[in-house]
Every structure is written in C-alpha cells, then in structure tokens.
Amino acid sequence: MNPRALGAWALAGVTIALATGNPVYRVLVLLCALNILIALRRPGISVRGLIVALIVAAAIAIATTTLASHTGVHAFLVLPAGIPVIGGRLTLEAAFFGLSTGIGIAAAVLAAAPLSLVLEPHALVDALPAALARTGAAIGTALNLIPGIARSATEIRDAQRMRGWRSRRVREWPDLAVPVVLTALEGSITLAEAMEARGYGSGTRTHYTADVWHRADIVVAASAVAAAAFFVALRISGVISDWYPFPDVTAPPVSIAGVVSCLALAAPLLVWRR
Amino acid sequence: MVRRLLRIAVVVPLLAIGLGAASAATHTGPATPLCAEAAAANHVGIVIEHDTTVKHQCVSFTSTTILALTVLQDSGFEYATQLYGGIGEAVCQIDNVPAQYTACLPSSGSYWVFFVADASGTWTSAAHGVSVTSLSDGDYVGFRYDPLGGANPPPVAPRGVCPSSTPTPTPTPQPTASASPTPPGTTPPSGTQTPGPTQAGRSATPDPAGGATAASSQSPGSASASGVLGASSPAASPVATLGASTTGAGGGLSPALVIAILAIAALIGLLGIQGLRRRRQ
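Keeping their order, the protein sequence lines are chains A and B. The first sequence begins at 139 in my numbering and counts up one residue at a time. The second sequence begins at -3 in my numbering and counts up one residue at a time.
Read the hints as simulated data drawn from the structure, not as lab findings. Built from N, CA and C at the ideal position, the CB exists for glycine as well. Worth double-checking, as some hints may not be accurate.
Derived Cβ-Cβ restraints for the label pairs, each shown as a range [stated by the list, open to error]:
#1 A:A322 to B:R276: 19 to 27 Å
#2 A:D380 to B:G265: 25 to 33 Å
#3 B:Q277 to A:R299: 35 to 43 Å
#4 B:A115 to A:D380: 32 to 40 Å
#5 A:R299 to B:A261: 21 to 29 Å
#6 B:T61 to A:G225: 16 to 24 Å
#7 A:A367 to B:Q277: 37 to 45 Å
#8 B:Q277 to A:G225: 35 to 43 Å
#9 B:R273 to A:R289: 31 to 39 Å
#10 B:P149 to A:G225: 26 to 34 Å
#11 A:A322 to B:Y80: 16 to 24 Å
#12 B:Y80 to A:R412: 25 to 33 Å
Partial chain B-side listing against chain A, Cβ under 10 Å, derived [claimed, not checked]:
#13 P94
#14 A95
#15 A99
#16 L101
#17 T129
Required output: the full structure, derived from the provided sequences and hints.
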C-alpha cells in the first residue's frame, strides 16, 4: 500500500469526524477506521492499548460534560447545589452530548492511527513532501527516542533496585531520572553522529524504495478525498446537520448521502491486503 | 477564466454559510402549541415589559416542567429567537419590539433581558437561553427590553398574573365558561377555555390584572409581521427545509437512520469476523 494514499485516507477520516457533531457519522468513521486498523496493522502490533486509552478519554469526556453541564430536560440525578461546579441537575442530554464528544475524539484518533500502526515509520517519513522532509525526519527521530527512553528507564530502575534502591520518596527519584536523562542525551548524540556519517542533510534526498501508485492505492486515495469533499459540501449546504441534544434529546438527523460518504472510507478493506 | 472560477469558488461557500446562518436566525414565530390539554393544572406566568408597556399572560400546561421557549410560544406573543450555542436560544424580538434588528444581542442599543422567578415572584436574571431554561408550576418568566450597560432592573412584580396554582377539582367543560374572564384567585383553570381558531388551541388566560397598559389577547396573526428579520415562518428557509427533509429527528426512524444503523451493524459484524479469524490463526 502507498503511504501517501493512506495519508490521504487518514486526512479524509479526520475531516469527516470533525466536520460534524453528529454521532451517527462519527460512529461510522470510528468503525471503518477500527476495521482497517485491525485488518491492515503491522504484524505483532497490538491495538489494545490504543483502544483502552480511547475508552478512558471518552469516559472522561462523558463524565466532564455530565457533571459540568446542567442543561437539559431529563434530569436523572440532582446533586446538592452547594457543591461547586458539579452541584445541580445532572441530565441525560448532557451525558449524550459527552458521549457524542467522546465518540468524535475516538473517531479522529482512530482515523489517524493507521499512519503509525499500519505503515513502517521510515515509509511515513519517506512519503512526506520535500518541503517537510527534514522537519518530518527530525520529529520522527525524536518520537522514536521515546520508547527508547522508556526502555532505558526500566533497565536503570532494575539495575538500581539490584543495588538496594527503593523508590519510596520523591526525593529519591533523581537517582533514577539523572541516569535516564544522561543515557537519552548520549543516545541522541550517537544518533546525530551516525546520521551525519551517513550524509544526512549533505545533499539531495534519496529514497530507499520508490513510491509506486498501484490501482488499489489510487482507488483508496480518490474515494477518500471525494468522500471528504462531498461530506464537507453537504455540511456547508445544510443537508448534513449537527446534532444537539439540548434541551430535549432526539434521534440524530441522518442523510443517506452522508452515510454513503462515511462508508466510502471502508474502501481500503476491499482493495488492500496485508 | 481562472479568476472567474476562483471568484465562484470563494463566493459559493460564503453564500452557503450565509444561508445557513440565516436559517438559524429565522427560527421564529409561535409554533404549534404544546399545551393542548384543556384541563391543564400547572401554570407559568409571563411578563413582558418594554418602555412603559407591560403585558402579561398565564400559560397552563400538564407536564411537570415546561421550557421558557414553550411558554413564550404558548403565550401568543410575537417573538423571534436566535441560537447561541450551548447557552440556548436568545430572544431577539417580542411583540414586534424592536421593529427591525440586525443583531439579536447588539453591541449598542437595547435588547431583551430574560428573567425567571419562582412562586415568590422574586425576579432573577436567567443563566441560560429560553430554549434550555425549564420551569415548573407557579414559576414566572419575564422579559424586559433594556438598554445595554448599567443595571438590568427586573420587570414589574409578576404577582397576580396567574390564578392560584392549586388546581380546581372539576373544571367545567362548558364552552360558555370561557367567555367571561374572572378576577384573579377565582379564575378557574385556564384550560376551560374553548380552543378556537383565534386562540389556536392555546390555554393562555386573558390578563386577570387588567392593567391600563396591558393588552393581553394576542392574535396569532400578529406574528406574521413582514420585513423583519426573524419574523418569517420557520419554513421560509430553503436550507432548513432541505435539512429537515433528510432528518429522522423526533418522528421515529427515517430510512436514512435505518441504513445508518444497518451499516454500523455490518461494520461491527466485520470486526467480529476479523477477531474470530485471528483467534483461529
């Protein structure tokens, strides 16, 4: 699969997820993205951590909106008015609005997730346009250091424990933090020297493999871009309307054209195989 | 040629956005009254004050709570509102005051300040818009057309706008009972009025206080003032109509919603199949 085609698909998914507050379209984008992530992810990559993080984020969105927004007709609980911020009526409408927000966050994150979980990191950096190549390489390298730092932190903690160190008080944390920071600095200097030794930034950019656009890639990119453009046009013209549960919750308004453009995001499932 | 295409590309989205904003602004006028129940036991009083004019109405309803917007609708006064996001709808115009406006809540001049009061009749400035403020039996809503800046004095005290909130045990169903307004305290529930075409089924009682400046009986026709932004009927916007034709809100499941639900079910099913396949491998 072509990384740029997947990039176009991810951009389309995020656009649709954020273009409307309607939970029906957001759920459709979320499910399309989740299916693609599970079907096409790199071997050995688990999506469980990401899904748990998204569930936690959605739960926080629901809890915050329900507790802080007291508008709506259907109250299911009344907290004493003396409690600051959360005191007052807790309504079903606010909970539904929080749920819709949580689904929106999850849909946007899942639409962007294939870029890191389906593509190899070097393929993603390689696919960046020439103007962004250096910035992309720098950001990609920096992000790549994060798991390295986590690994070295675990190793240093284990080594310190073998020497009888126990992390009981905050005052003792520098015993762990100082070696971790020093190791990270050392690692990044080594990496910079290695990149320089290989001629990074010295001349024209070369590619390990040339990007090839297969027919399947064109289908994915074209359908995704067309779907997003169509969806935005429907949104601007008013055919697709936002959903707002206040003051009284109702079923979200849905248009067939909107559903079709969301389902066009499932095209990679039909044409791409891993 | 390219310049013309560019111009079209800029103008079309702007027009579309303008139409969308206009459709949001033109959501006005007394809609279908919710309070069709004749023997409604609950009442909310509404007081409207602008310049030296004070008008009031009593609106009855059967549910436990009623939205301030519904009270405004059922009172029969001409009005126009505009949605202000999570705050709800703000009132831009009541009783054709102001006669014309460009901004609902203007940066200079006067605007409608929205008050609520419980049974004690003490006005407090409302925290939200009329579409999200709910009231219960015995409450009052007040609107005062007030200049920007300075204090926002509340409208006149609402006492006596509604009859005693204790329901009369057996309202008389005779249509003749509705013809004569009776003084406050002895007025039977307003629902005993016969819903006629001029009242459009509203259960608003005539103003029992009968103040010199009060002009309580409003004909629905007063809502159709022309040439005022927001005074047209809700169906006037083509964009709003187009949007409404594709919605499934409120009126059960639309075909589009059914298709969406089927699509969601299919995608969940596909997830399940993928999970099963991986487990087998």
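We went through each hint and held it up to the structure:
Between A322 of chain A and R276 of chain B the beta carbons are some 42 Å apart, a value that contradicts the proposed interval 19 to 27 Å. Judged by the Cβ atoms, the range 25 to 33 Å given for D380 of chain A and G265 of chain B holds: they are separated by roughly 28 Å. Q277 of chain B and R299 of chain A have their C-beta atoms about 39 Å apart, which keeps the hinted 35 to 43 Å range intact. About 37 Å separates the C-beta atoms of A115 of chain B and D380 of chain A, a value consistent with the hinted range of 32 to 40 Å.
Look at R299 of chain A against A261 of chain B: about 51 Å separates their beta carbons, and that is not inside 21 to 29 Å. Separated by about 19 Å at the C-beta atoms, T61 of chain B and G225 of chain A satisfy the suggested range of 16 to 24 Å. Checked against the hint of 37 to 45 Å, the C-beta distance between A367 of chain A and Q277 of chain B comes to roughly 38 Å, which is consistent with it. Range check, Q277 of chain B to G225 of chain A: about 53 Å between beta-carbon atoms, so the 35 to 43 Å window is missed.
Roughly 32 Å separates the CB atoms of R273 of chain B and R289 of chain A, a value that falls within the hinted 31 to 39 Å. One distance hint, 26 to 34 Å for the beta-carbon pair P149 of chain B and G225 of chain A, holds here, with the actual separation near 29 Å. For the hinted restraint 16 to 24 Å between A322 of chain A and Y80 of chain B, the CB-CB distance of approximately 49 Å leaves it violated. The hinted range of 25 to 33 Å is not satisfied by Y80 of chain B and R412 of chain A, whose Cβ atoms lie roughly 49 Å apart.
For the restraint placing P94 of chain B at the interface with chain A, the shortest Cβ-Cβ distance is roughly 26 Å, beyond the 10 Å limit, so the hint is violated. For A95 of chain B, the interface hint is violated, since its Cβ never comes within 10 Å of a Cβ in chain A; the closest pair sits about 29 Å apart. The beta carbon of A99 of chain B is not positioned within 10 Å of any beta carbon in chain A (closest approach about 22 Å), and the interface hint is therefore violated. The closest approach between the C-beta of L101 of chain B and any C-beta of chain A is roughly 19 Å, which is over the 10 Å cut-off, so the hint fails.
Checking T129 of chain B against chain A by beta carbon gives a least distance of about 8 Å; that is within 10 Å, so the hint holds.
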